[in-house]
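There are 2 protein chains.
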Amino acid sequence: MNSGSQPLAIGIDIGGTNTVFGVVDHRGNILYRGAISSRQHSDVADYVTELHAALQPAIKEAGGIGAIKGIGVGAPNGNYYTGSIEYAPNLLWKGIVPLADLISEKFGIPAALTNDANAAAVGEMTYGAARGMKDFIVITLGTGVGSGIVINGQVVYGHDGFAGELGHTIIIPGGRKHYSTGAEGSLETYASATGLRFTTLELLEKDPARPSLLRDYKPEEIDSRLVYDCAIKGDELAQEVYRFTGGLLGKALANFVMFSSPEAIILFGGLCKAGDLIMLPAKEQMEAHLLPIYQNKVKVLFSELRESDAAILGASALVWELK
Amino acid sequence: MNSGSQPLAIGIDIGGTNTVFGVVDHRGNILYRGAISSRQHSDVADYVTELHAALQPAIKEAGGIGAIKGIGVGAPNGNYYTGSIEYAPNLLWKGIVPLADLISEKFGIPAALTNDANAAAVGEMTYGAARGMKDFIVITLGTGVGSGIVINGQVVYGHDGFAGELGHTIIIPGGRKHYSTGAEGSLETYASATGLRFTTLELLEKDPARPSLLRDYKPEEIDSRLVYDCAIKGDELAQEVYRFTGGLLGKALANFVMFSSPEAIILFGGLCKAGDLIMLPAKEQMEAHLLPIYQNKVKVLFSELRESDAAILGASALVWELK
Numbered sequence: 001m002n003s004g005s006q007p008l009a010i011g012i013d014i015g016g017t018n019t020v021f022g023v024v025d026h027r028g029n030i031l032y033r034g035a036i037s038s039r040q041h042s043d044v045a046d047y048v049t050e051l052h053a054a055l056q057p058a059i060k061e062a063g064g065i066g067a068i069k070g071i072g073v074g075a076p077n078g079n080y081y082t083g084s085i086e087y088a089p090n091l092l093w094k095g096i097v098p099l100a101d102l103i104s105e106k107f108g109i110p111a112a113l114t115n116d117a118n119a120a121a122v123g124e125m126t127y128g129a130a131r132g133m134k135d136f137i138v139i140t141l142g143t144g145v146g147s148g149i150v151i152n153g154q155v156v157y158g159h160d161g162f163a164g165e166l167g168h169t170i171i172i173p174g175g176r177k178h179y180s181t182g183a184e185g186s187l188e189t190y191a192s193a194t195g196l197r198f199t200t201l202e203l204l205e206k207d208p209a210r211p212s213l214l215r216d217y218k219p220e221e222i223d224s225r226l227v228y229d230c231a232i233k234g235d236e237l238a239q240e241v242y243r244f245t246g247g248l249l250g251k252a253l254a255n256f257v258m259f260s261s262p263e264a265i266i267l268f269g270g271l272c273k274a275g276d277l278i279m280l281p282a283k284e285q286m287e288a289h290l291l292p293i294y295q296n297k298v299k300v301l302f303s304e305l306r307e308s309d310a311a312i313l314g315a316s317a318l319v320w321e322l323k
Numbered sequence: 001m002n003s004g005s006q007p008l009a010i011g012i013d014i015g016g017t018n019t020v021f022g023v024v025d026h027r028g029n030i031l032y033r034g035a036i037s038s039r040q041h042s043d044v045a046d047y048v049t050e051l052h053a054a055l056q057p058a059i060k061e062a063g064g065i066g067a068i069k070g071i072g073v074g075a076p077n078g079n080y081y082t083g084s085i086e087y088a089p090n091l092l093w094k095g096i097v098p099l100a101d102l103i104s105e106k107f108g109i110p111a112a113l114t115n116d117a118n119a120a121a122v123g124e125m126t127y128g129a130a131r132g133m134k135d136f137i138v139i140t141l142g143t144g145v146g147s148g149i150v151i152n153g154q155v156v157y158g159h160d161g162f163a164g165e166l167g168h169t170i171i172i173p174g175g176r177k178h179y180s181t182g183a184e185g186s187l188e189t190y191a192s193a194t195g196l197r198f199t200t201l202e203l204l205e206k207d208p209a210r211p212s213l214l215r216d217y218k219p220e221e222i223d224s225r226l227v228y229d230c231a232i233k234g235d236e237l238a239q240e241v242y243r244f245t246g247g248l249l250g251k252a253l254a255n256f257v258m259f260s261s262p263e264a265i266i267l268f269g270g271l272c273k274a275g276d277l278i279m280l281p282a283k284e285q286m287e288a289h290l291l292p293i294y295q296n297k298v299k300v301l302f303s304e305l306r307e308s309d310a311a312i313l314g315a316s317a318l319v320w321e322l323k
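For the record, the sequence lines run as chains U and L.
The first sequence begins at 1 in our numbering and counts up by one.
The second sequence begins at 1 in our numbering and counts up by one.
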C-alpha cells in the first residue's frame, strides 16, 4: 500500500472511553485504522502491550516498522515536553504516566505526545484549513472546549507544556459555575455542547409560558443536536440558544485575537455542525469587541478535517514535527 | 567611552510629547542620553533630521557610526514587520509612517521598530527581570495598559505585527466604558492609572458618608500617587481602590496564563510604585482563577529596569535581535 518512498506515521488518539489509531501518509490519507478500549487495563504497561499487538497488522501491511517514522499521541492532559499524561481525570492511569517513552520503547521508534487540542492544531496545519498558515488558533467545541495555538508556525506549549487552555478562561466573571473545575463563567461552561444544553434548560425554565418545540421533550433528551434541529425548524428559543452561545464564543475570540493576532481561528467539533447558527453570531460579536486595528482581518473558519479522521490525523501530524 | 570591542546600540523611545534616546552597551549601560520634542515637526522627515542632529554628539563620542550596530525604536502603534507607525492617535504624523526606513536611510545603519510594550519585553529579556526566560509576559501599568508577550524566546507579533494588546481584552462584559476606544469593561479601563482614578471617584461618590482622607482633595487632584499615599496612611477607601484594581488585574492575568503558560509575568510602570498594595491582590486573584495545573507556578514580578531608563533600554535591545 505504501510506495516505500515516503515514511508513514502512526497517529493514536486516547479518549476517556476508546483509543483510536491509524497509519497515515504525508498527505493525510489514513491507510489503516483501528481501535481498542482505553478502560481495559488499569496497568498502563498492559495497555501499551495491547496497543502494540493491535497495530501489528497495520505495521506489517505498511512494510514493517522501518517504514514508519514515528508515533504521535493525542491524550487528555498530555504534556509535550515530558511526553507524559499528567493527572488526567478521565483516564484509569493516575498521576504522571510517561506514555511517549513507554510507547517508544515498545515499538522501537520515536514517539511524541500532546493534548488532543494541540494535536488538532498540528493536524489543521499539516492537512487541514490552516495549511500554509503560521499564526492561528484551533478551538474545539465538543463536550468541552479545548484549544491549540500556533504562533510563528509552532504550537505554543508554554513554559511547562500546558499552554492553551482557552476553554477555562473566564468570560463572564461570577457567571455559570463549571460542573468540574468550579470556576465561574469560563468559556467552556457556555460554548461546549454541555454548556449549550444548560443554556437551553435555563431559557426554558426562565419563562415557562414561552412556546418552544423543545417543550415536547424531556430535559434529559435535550442536547445540542436537538436544539439545532428545532432552530432549523424556526423555533425562536432554540435560535436564541445558538445566538447566545455563538455570541459569547465571539467575545472570547476577540480577547484571543488581541493576544496573538492570528491569521485565522479554526472551529472544530460537534457544535460546528450548526454552521451559520453558531458562526454568524460568533463573527459578529468577535468583530464588535475587537480594537479597530484587528477588525475585518481575522478569518473564522470551520475545520476541513472530517471529525472521524481528525483525532488520528492530528496525532499523526506530530510525527512530521519530530526532529 | 566605548572600548571598541563590542558594538553599541541606539535606543529611541517616541512618546506623545517627548522622544528620549540613548546609546547603550551590551550590558544595558546607557552611555549617553538626550531628548527632543515629538511635537515640533508635522513633517516626519524634519523630525528625523532633528533626531539625527541631536544624536551626532553621542555618535561621535561612541567612536563614529561604525561603532553602532543599529537603531531600535519604540513607538505607539509601531509595527515590527513593516517598521511603520500605523495610525497612532497621539502623534502628529497621520496614516502609515515608515519610520524605521526613514531612520535607517538617514543614519546609514539598520533600524527596527516596535510598540513600546514589546520593546519593554525585549528590554526585560535582555537586561531585566526576564533574563534567561523564554516564556513571559510584560504588562505595563501606566496611563494605559500595554503588553509584550514572549513565547519560545521570541516576541509575539502575530500575523500582522499587532499582537499583544492585552489592555484591550474585555474582563468585565458591559463594564466601564473606555474613554477612547468605547469598549466596555476592558482591562485598561480599570488597571491603568486613569482607571484607578475613576475607581476612586466612583467609590467616593457611591457612599458620600464614607470617610476618607481623599475627601480633603478636589476630584481633579486625585491621582494614583495620592491614592497610594492615603492607602499607606491607613485610609480604607484608598486601600479598597488598590485591592479592587489589583484583584481585577489578577483575574485578567489568570486568563493570560491559560493562553501561553508563561514562566513569569512582569509588571512595569507607574502603578508598580504601589508595591504590595497592587501585587498581593493581583497574585491572590490570579491564583484563585487558574486551573490547578497552573497554580503556584507562575512568578509575578516587578520590572528590574529603572523607569527612566526602561524605554531607551527596551528600544535599544531590539538592535541585538537584528539579523
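I should point out that these hints are in silico values taken from the structure, not numbers from a laboratory.
Among the hints, a few may not be true.
To be verified - Only pairs whose alpha carbons sit at most 30 Å apart, straight line, appear in this in silico DSSO-like list of lysine-lysine: (1) K134/U <-> K206/L; (2) K251/U <-> K323/L; (3) K94/U <-> K177/L; (4) K297/L <-> K60/U; (5) K134/L <-> K134/U; (6) K206/L <-> K273/L; (7) K134/U <-> K297/L; (8) K177/U <-> K273/L; (9) K177/L <-> K177/U; (10) K177/U <-> K206/U; (11) K283/U <-> K283/L; (12) K60/L <-> K323/U; (13) K177/L <-> K251/U; (14) K206/U <-> K218/U; (15) K283/L <-> K299/U; (16) K283/L <-> K273/L; (17) K233/U <-> K299/U; (18) K297/U <-> K297/L; (19) K94/L <-> K218/L; (20) K297/U <-> K273/L; (21) K218/U <-> K134/U; (22) K206/L <-> K323/U; (23) K299/U <-> K94/L; (24) K94/L <-> K323/U; (25) K177/L <-> K323/L; (26) K299/U <-> K273/U; (27) K218/L <-> K299/U; (28) K218/L <-> K251/U; (29) K134/L <-> K323/L; (30) K251/U <-> K177/U; (31) K206/L <-> K297/U; (32) K134/L <-> K177/U; (33) K323/U <-> K297/U; (34) K297/L <-> K273/L; (35) K177/L <-> K297/U; (36) K273/L <-> K218/L; (37) K297/L <-> K94/U; (38) K177/U <-> K283/L; (39) K134/U <-> K177/L; (40) K283/U <-> K233/U.
Right, here's what the structure says about each hint:
Distance hint between K134/U and K206/L is unfulfilled; the C-alpha atoms sit about 49 Å from each other, more than 30 Å. Between K251/U and K323/L the CA atoms are separated by roughly 38 Å; this puts the pair beyond 30 Å, and the hint is violated. With a C-alpha separation of about 47 Å, the suggested pairing of K94/U with K177/L is violated against the 30 Å cut-off. Straight-line distance between C-alpha atoms of K297/L and K60/U comes to about 45 Å, which puts the hinted pair past the 30 Å bound.
Using a Cα cut-off of 30 Å, the hinted pair K134/L and K134/U holds, with the two alpha carbons roughly 19 Å apart. Restraint check for K206/L and K273/L: satisfied, since their Cα atoms lie roughly 27 Å apart, inside the 30 Å limit. Only pairs whose Cα atoms come within 30 Å are accepted, and K134/U paired with K297/L is accepted, the gap being roughly 29 Å. For the proposed pair K177/U and K273/L, the alpha carbon gap of about 36 Å is over 30 Å, so the pair is violated.
Taking the CA atoms of K177/L and K177/U, the gap is about 27 Å. The hint holds against a cut of 30 Å. For the hint pairing K177/U with K206/U, the CA-to-CA distance comes to about 18 Å; that is within 30 Å, so the pair holds. A threshold of 30 Å between alpha carbons decides the hint, and for K283/U with K283/L the separation of about 34 Å lies outside it, so the pair is violated. About 48 Å separates the Cα atoms of K60/L and K323/U, which puts this hinted pair outside 30 Å; it is violated.
Of the supplied pair hints, the one linking K177/L and K251/U holds, its CA atoms being roughly 16 Å apart against a limit of 30 Å. Between K206/U and K218/U the alpha-carbon distance is near 16 Å, which keeps this suggested pair within the 30 Å criterion. The straight-line distance between the Cα atoms of K283/L and K299/U is roughly 35 Å, outside the 30 Å bound, and the hint therefore fails. For the hint pairing K283/L with K273/L, the CA-to-CA distance comes to about 16 Å; that is within 30 Å, so the pair holds.
Pair hint K233/U plus K299/U holds up; C-alpha atoms about 29 Å apart against a cutoff of 30 Å. A threshold of 30 Å between alpha carbons decides the hint, and for K297/U with K297/L the separation of about 35 Å lies outside it, so the pair is violated. Under the criterion of a C-alpha separation no larger than 30 Å, the hint pairing K94/L with K218/L is inconsistent with the structure, at around 36 Å. At roughly 38 Å between alpha-carbon atoms, K297/U and K273/L are farther apart than 30 Å, so this suggested pair is violated.
This hinted pair does not check out: K218/U and K134/U have alpha carbons roughly 46 Å apart, beyond 30 Å. Under the criterion of a C-alpha separation no larger than 30 Å, the hint pairing K206/L with K323/U is inconsistent with the structure, at around 61 Å. With a C-alpha separation of about 28 Å, the suggested pair K299/U and K94/L falls inside the 30 Å cut-off, and the hint holds. At most 30 Å may separate the alpha-carbon atoms for a hinted pair to count; K94/L and K323/U exceed this at roughly 47 Å.
Distance restraint check for K177/L and K323/L: the Cα-Cα separation of roughly 42 Å exceeds the 30 Å cut-off, and the hinted pair is therefore not satisfied. Distance restraint check for K299/U and K273/U: the Cα-Cα separation of roughly 18 Å lies within the 30 Å cut-off, and the hinted pair is therefore satisfied. A C-alpha spacing of about 49 Å is found between K218/L and K299/U, which places the hinted pair above 30 Å, so the restraint is violated. Note on K218/L and K251/U: the hinted pairing is violated, with a Cα-Cα distance of about 38 Å set against a maximum of 30 Å.
Pair hint K134/L plus K323/L holds up; C-alpha atoms about 19 Å apart against a cutoff of 30 Å. Using a Cα cut-off of 30 Å, the hinted pair K251/U and K177/U holds, with the two alpha carbons roughly 19 Å apart. Note on K206/L and K297/U: the hinted pairing is violated, with a Cα-Cα distance of about 41 Å set against a maximum of 30 Å. Restraint check for K134/L and K177/U: not satisfied, since their Cα atoms lie roughly 34 Å apart, outside the 30 Å limit.
Note on K323/U and K297/U: the hinted pairing is violated, with a Cα-Cα distance of about 33 Å set against a maximum of 30 Å. About 24 Å separates the Cα atoms of K297/L and K273/L, which keeps this hinted pair within 30 Å; it holds. With a CA separation close to 24 Å, the supplied pair K177/L and K297/U stays within the 30 Å bound. Of the pairs offered as hints, the one joining K273/L and K218/L holds, with about 23 Å between alpha carbons and a cut-off of 30 Å not exceeded.
At most 30 Å may separate the alpha-carbon atoms for a hinted pair to count; K297/L and K94/U meet this at roughly 21 Å. At roughly 22 Å between alpha-carbon atoms, K177/U and K283/L fall within 30 Å of each other, so this suggested pair holds. Between K134/U and K177/L the alpha-carbon distance is near 34 Å, which puts this suggested pair outside the 30 Å criterion. A C-alpha spacing of about 23 Å is found between K283/U and K233/U, which places the hinted pair at or below 30 Å, so the restraint holds.
Hint check: violations occur at hints 1, 2, 3, 4, 8, 11, 12, 15, 18, 19, 20, 21, 22, 24, 25, 27, 28, 31, 32, 33 and 39; the rest are consistent with the structure.
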